[in-house]
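*Asks:* Protein chains in written order, with our numbering: chain A, 6 to 453; chain B, 14 to 263.
One should not assume that every hint holds.
[Claimed, not checked] To give an idea of the interface, some chain B residues facing chain A are shown, with a C-beta separation under 7 Å as derived from the structure:
#1 TYR21
#2 GLU22
#3 PRO24
#4 LEU30
#5 ARG83
#6 SER90
#7 LEU92
#8 THR95
#9 SER113
#10 THR164
No lab work stands behind these hints, which were simulated from the structure alone.
Quick caveat: nothing in here was measured; it's all calculated off a predicted structure.
No residue lacks a Cβ here, since even glycine has one placed at the ideal position from N, Cα and C.
This is what each chain is made of:
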Amino acid sequence: MSDVTERAPFLERPRDQRYFVPEIETMPREQIERHREETLLGDLIPWAYERSGLIRETWDAAKVTPADVQSMDDFHEKVPFIDKDAIRSYRDRHNDPYGGLLCIEPRTRGVFSAIFSTSGTTGDPTPAPSAGSGPSFLVREFWEFGCRPGDYFTEVLFTFRGPGIHDTIRGIGATPVFVDHNPAEVPFLFAINEKYRPTAMYNFSLAILMGVQQHAPAMGVDPEKSFASYEGVSWAGEPIGPRARRLTDEWGLELFQHTALGDVGAATECREHDGCHYWEDTAYAESLDPSGTDPVADGTPGELVTSTLVDKIAPLIRYRSDDLVRRTLAPCACGRTHGRIWTLGRKGDEVVVEGRSVLPMDVWHAIELVDETSSGIFQIIRPQREVDVLQLRVGYRDDGKKGLGDLRERVTASVADALGVVPDVELVTNESLLKLGPPHKIPRVTRA
Amino acid sequence: MTVPQTIYEPPPVAWGLGRIRVGDDVVPWAVSQADVDDEAAALVPVLVRLGIDDTSGVDSSAPGNEDEVRPLLLIVSMLSETLHSYPFETAAGTLGALYSSADSSRFDSFRSAALIGYLHPQVVWGVNSAVVEGLTEEFGRDLAEVFGAVTGSVVTTDEGAFAALTAAGIRPWRSRAVGPTTMFEDAPGSGRLTYDPARWAVEVDAAGADASGVGPLLLTNVAARLTPSTRLDSGLRGHVPEPGTILLAR
Numbered sequence: 006m007s008d009v010t011e012r013a014p015f016l017e018r019p020r021d022q023r024y025f026v027p028e029i030e031t032m033p034r035e036q037i038e039r040h041r042e043e044t045l046l047g048d049l050i051p052w053a054y055e056r057s058g059l060i061r062e063t064w065d066a067a068k069v070t071p072a073d074v075q076s077m078d079d080f081h082e083k084v085p086f087i088d089k090d091a092i093r094s095y096r097d098r099h100n101d102p103y104g105g106l107l108c109i110e111p112r113t114r115g116v117f118s119a120i121f122s123t124s125g126t127t128g129d130p131t132p133a134p135s136a137g138s139g140p141s142f143l144v145r146e147f148w149e150f151g152c153r154p155g156d157y158f159t160e161v162l163f164t165f166r167g168p169g170i171h172d173t174i175r176g177i178g179a180t181p182v183f184v185d186h187n188p189a190e191v192p193f194l195f196a197i198n199e200k201y202r203p204t205a206m207y208n209f210s211l212a213i214l215m216g217v218q219q220h221a222p223a224m225g226v227d228p229e230k231s232f233a234s235y236e237g238v239s240w241a242g243e244p245i246g247p248r249a250r251r252l253t254d255e256w257g258l259e260l261f262q263h264t265a266l267g268d269v270g271a272a273t274e275c276r277e278h279d280g281c282h283y284w285e286d287t288a289y290a291e292s293l294d295p296s297g298t299d300p301v302a303d304g305t306p307g308e309l310v311t312s313t314l315v316d317k318i319a320p321l322i323r324y325r326s327d328d329l330v331r332r333t334l335a336p337c338a339c340g341r342t343h344g345r346i347w348t349l350g351r352k353g354d355e356v357v358v359e360g361r362s363v364l365p366m367d368v369w370h371a372i373e374l375v376d377e378t379s380s381g382i383f384q385i386i387r388p389q390r391e392v393d394v395l396q397l398r399v400g401y402r403d404d405g406k407k408g409l410g411d412l413r414e415r416v417t418a419s420v421a422d423a424l425g426v427v428p429d430v431e432l433v434t435n436e437s438l439l440k441l442g443p444p445h446k447i448p449r450v451t452r453a
Numbered sequence: 014m015t016v017p018q019t020i021y022e023p024p025p026v027a028w029g030l031g032r033i034r035v036g037d038d039v040v041p042w043a044v045s046q047a048d049v050d051d052e053a054a055a056l057v058p059v060l061v062r063l064g065i066d067d068t069s070g071v072d073s074s075a076p077g078n079e080d081e082v083r084p085l086l087l088i089v090s091m092l093s094e095t096l097h098s099y100p101f102e103t104a105a106g107t108l109g110a111l112y113s114s115a116d117s118s119r120f121d122s123f124r125s126a127a128l129i130g131y132l133h134p135q136v137v138w139g140v141n142s143a144v145v146e147g148l149t150e151e152f153g154r155d156l157a158e159v160f161g162a163v164t165g166s167v168v169t170t171d172e173g174a175f176a177a178l179t180a181a182g183i184r185p186w187r188s189r190a191v192g193p194t195t196m197f198e199d200a201p202g203s204g205r206l207t208y209d210p211a212r213w214a215v216e217v218d219a220a221g222a223d224a225s226g227v228g229p230l231l232l233t234n235v236a237a238r239l240t241p242s243t244r245l246d247s248g249l250r251g252h253v254p255e256p257g258t259i260l261l262a263r
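The shape of chain A in the complex, shown without the other chains (with noise of 0.2 Å):
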C-alpha cells in the first residue's frame, strides 16, 4: 500500500506563498457559515444519529431527531450535549470499546484500517477508530511554521496518535526525522539538528526543554547554535510557561502553541502568536457557560464545545470538552478568516479557595521563580472544587548535593505572595512527577 500522497495530483506552491491552501484558509465568513450549516445538518448529524449508538441515545434522550434540527438556531437550541463521562458509560454499558462513537462497521474495509487511543491522561486511554493514513489538515500549520519541500521536520512524539503526522510532514514535501519524546533522546536530537539541519519541529514540551537543559552543557552543545537552523517549532500539552518562554526565547526558537480542539482537531498559532488557529471547514466550535448553555460573548471566557465537520468513522457531535478557552471570529491579522481559541485550562481544574478561582497557570510563575523548583513542575492537590487549603505538590530538582533547607518555606512564600493564599506545599522530586506522565505533560490536577 503507498501512501495516498503517492496517489494525489501534486502542486508545487512558490516556496515564499504564506498559506498553504489560500483559499480555505482565508475563506469569508458567510462561506465557512454555510459550509459549515450544509455540512453539519445535510451529512454528519443524519449520518450520525443513524449509526452512532451514543448519539442516538442521547438524542433520543432529548426526544431530538435531525428532522428538529433545520437550522444553526435549531442546532443551538435542541442538540443535547455528549462528554467524555457520557462515552466512557457507554463504553462500559454495552461493552463497547468505542463508546458508541463507531459509525462504520468494524469488518468494512477500506476506510476503517486502525484504532488509536486517547493520551489517557484523564483516567485510561479511549480507543479512537481512524482511517489510519493519509496527510491531515496539518499541513496548513505545518507550512507556516516554514517548513519547504525538501527540508527535514523533526517528529518528536509518541506512537499512539498513529502514523498521521508522518504522512502530514510528507504532505507538505517534506522528510519526518522519528525522535521520541523523552528527555534523553535530546543528544540525538542534537546530533540531527548539527547534520541535517531541520527546519521545524513538532512537539516541543516541557520535557524536551529540561533535556536540553540537562544535555547541553555536558555535551558541550550551545542550543542557540544546535536550533539555529528551525524556522518554527510547536510547543504542546500544556501551556507555555513563563520560564520556558523566557529560555526558547534565548534559544532562538520561535514557538507556536498548539492544542486539542475538543478531541475533534487541533488549534495551533500563525506567525502573528494572537490566539491558536482552528479550523471552521473541518470542526464547528463554541464557546459556551462553563455551568450551563448559553454562548458567551466573543473573547470571554467560556467551556469549549466541538462538533466535527470531517470525522464520520466515529463523530463527535456538540462534545463538551470541559477546556476553557477565549474565542474569537474576528480575522486575524495574518488574514485567515478561521475562528482562534486561547486556552486557560481546564473547568475541572478549577479549585476555590477562600473564594478566590485558581487555575494551575495562576500558580506557574510563582513556582518557577524559586531556583530549585524552577522547571515549574507541580500539581494541584484537589479532592473537590471548594476547599480550605490550597493544597500543592510541587517538583524540586534534586542534586544531591544539599538539603531541601527551607526550601518549602520558599515556594510558599512565593505562591502567597502571588495569590494572597498561602497554600500547603508537599515537596517531591522532578523525576516522581515526571514518571506519572504522559511523555509531553503532567496531570497538573489530581484528586490526591
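Since chain A is already given, all that's left is putting chain B on it; use the hints.
*Replies:* Leaving out everything else, chain B in the frame of chain A:
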C-alpha cells in the same frame, strides 16, 4: 458548497529518517517509500504465521458475514523505531486486519494492557523489558492475565521480555531488529531467526568469530534500498546455518 480539495506537495525521496543499530552505535538511516513497501510485503507471511488471518478478500457485506471480526495487530514500539514498525501497519492492511499502537515504554505499558483488554488482538508485536517492568512494577499487573487475553501470538524484542513472558506461562516469539529490517523466529522460542535471502544476505564476520563459528552478524541488502547495507554490523552475534536462517548466540 464544498471546500476545495487540498493538493499536496510531491512526496520527498526519503520517506523518513529513522535510526538503526550498527555495531554498538545508533546511526540515522533514511528509507524510501519503496523500502517501506518491500519490508511490509516481507512481513505479510510472517503475520499470517503469527496468527493474523488473511481476510483481505472477505466481502463484509455478503450474507453470513455480519458477525465477522477483523483480526487486529497491536504494535508496541517507540517513534524512534518507525522504520521497523511502520511496515507492520501496512502489512496489517494488506491482510485486511486492523492495527493499534502503544509505546514500548515503562510508562505507556498501561496502554498495551488497556488495548489488549478492549480490543482482544490476535497478535501483539514489540513487547520489551520496559513494557514488562512497567506492567509489573508500576501498575502491578499480572503478565499471564494481560497477555493471556491475546488470542494468537505475543512477540518480544529482547531477551528480558522473552524470559519474563515465558516464566508467566506465555509462549512468546522472538523478533530482532537487524539493521533496517526485522527478523522473526520460525517457531516460538526456537532461537532461529528467519529472513528472505532474496532480500537480505547475512554472514558471520570471520574476524570476530569464535572456534564454533559464532561471531558478529553482518547484513547486506540484496533487494534495492535507498540506503545500502554493505556488511553492516548488526550488533548481534550468532551463526548462519543456511541462507535464510540465523541462530542467535545464547
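*Asks:* Please go over all the hints and tell whether each is borne out by the structure.
*Replies:* The hints, checked one at a time:
1. TYR21: Check passed: Cβ of TYR21 of chain B comes within 4 Å of chain A, closer than 7 Å.
2. GLU22: holds, 3 Å
3. PRO24: Interface hint status for PRO24 of chain B: holds (5 Å vs cutoff 7 Å).
4. LEU30: Holds, about 4 Å.
5. ARG83: This interface hint holds because 5 Å falls under the 7 Å limit.
6. SER90: holds, 6 Å
7. LEU92: holds, 5 Å
8. THR95: holds, 4 Å
9. SER113: Holds, about 4 Å.
10. THR164: violated, 15 Å
Comparing the model with each numbered hint stated earlier shows that hint 10 is the single one that does not hold.
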